[in-house]
Amino acid sequence: MKESKLSSLKKLEIIVGGEHQAFATDLLDRAGVSGYTIINNLSGKGQHGYHEGHLMFNEDDVLIMIIAAVPDELVNPILQGFEPFYNEHSGVVFVTDIQVARMVKFQS
Amino acid sequence: MKESKLSSLKKLEIIVGGEHQAFATDLLDRAGVSGYTIINNLSGKGQHGYHEGHLMFNEDDVLIMIIAAVPDELVNPILQGFEPFYNEHSGVVFVTDIQVARMVKFQS
Amino acid sequence: MKESKLSSLKKLEIIVGGEHQAFATDLLDRAGVSGYTIINNLSGKGQHGYHEGHLMFNEDDVLIMIIAAVPDELVNPILQGFEPFYNEHSGVVFVTDIQVARMVKFQS
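Protein chains in written order, with the working numbering: chain A, 1 to 108; chain B, 1 to 108; chain C, 1 to 108.
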């Protein structure tokens with residue numbers, strides 16, 4: 001059996017408030033990441049804990065997770081691009097090593 | 001404290017149009033993967049980018065992500081099984097190394 | 001370009017029936033994990049397969065996935081905490097190595 005062709009990439013899982021979707025996807029577009037998948041209507045509680053009184057998210061916030069698979073060299077530029085955003089808003093980015101099998105139908 | 005028992009597996013995250021759910025889960029079933037979890041109502045934009053005019057997904061497509069944890073030796077057969085599908089439809093499979101703690105209640 | 005600061009953590013993806021959300025998030029809280037994100041309304045089929053008659057989940061169960069990023073040393077205590085739960089209920093925990101870029105706005 002032949003091996004399926006897999007690409008080693010980084011998966012970015014970007015969790016932000018739903019109102020910031022356009023900002024985040026525009027940033028990905030400008031970085032050259034033109035494909036992503038979005039999970040809508042997540043709920044969440046803050047990374048800094050209810051008990052300490054530092055909430056990153058309130059439990060009622062509508063959050064989204066934007067998932068994109070990118071080459072290694074794009075991870076840092078994308079994270080840098082988000083830094084000014086961090087000063088004003090909350091969120092988190094998970095970076096995971098993955099392998100990707102693409103199923104692409106080119107449309108004419 | 002004793003260690004919890006963890007199994008090293010591969011996580012497959014299969015993103016396809018919602019209308020192809022039965023095809024994808026049947027393929028998993030036939031490969032011997034009888035358990036999976038599905039995230040419904042994802043939205044997405046194509047891996048090949050809006051700007052280049054090669055859309056993998058349209059923004060209005062209803063996508064699903066099927067998540068399954070499988071032993072290493074099933075990854076390639078499953079990806080091979082999807083190849084004919086790739087010629088007709090779009091989608092992507094992410095493969096990630098994970099460890100799994102099972103919480104299984106056997107029902108009689 | 002400076003490097004964005006990333007923390008190496010473990011991502012826990014805890015899949016349980018929706019009716020057990022409070023139990024699972026309380027367990028995380030008590031372990032010191034005060035932040036998490038929840039994907040609601042997953043569907044799933046049992047890890048032990050329809051064909052064998054051992055269903056972990058029924059296809060109609062409403063499942064949730066609770067996602068948390070935790071330091072290595074918390075993984076085992078959390079999994080241990082879930083063990084009594086396993087004896088009564090079904091579910092699964094995926095553990096993945098990730099790197100996390102935090103975007104934290106402290107609120108006064």
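For the record, the hints were derived by calculation from the structure and aren't laboratory data.
The reader is advised that the hints may include incorrect statements.
If chains are identical, the list can't say which one is meant, so a pair holds when it fits in one copy or spans any two.
Stated by the list, open to error - Simulated pairs of lysine to aspartate or glutamate, DMTMM-like, Cα-Cα distance not exceeding 20 Å:
| no. | residue 1 | residue 2 |
| --- | --- | --- |
| 1 | LYS5 | ASP26 |
| 2 | LYS10 | GLU88 |
| 3 | LYS10 | ASP97 |
| 4 | LYS11 | ASP26 |
| 5 | LYS10 | GLU73 |
| 6 | LYS11 | GLU73 |
| 7 | LYS5 | GLU19 |
| 8 | LYS5 | GLU88 |
task: Please flag the earlier hints that this structure goes against, numbers listed from lowest up.
output: 1, 2 and 7
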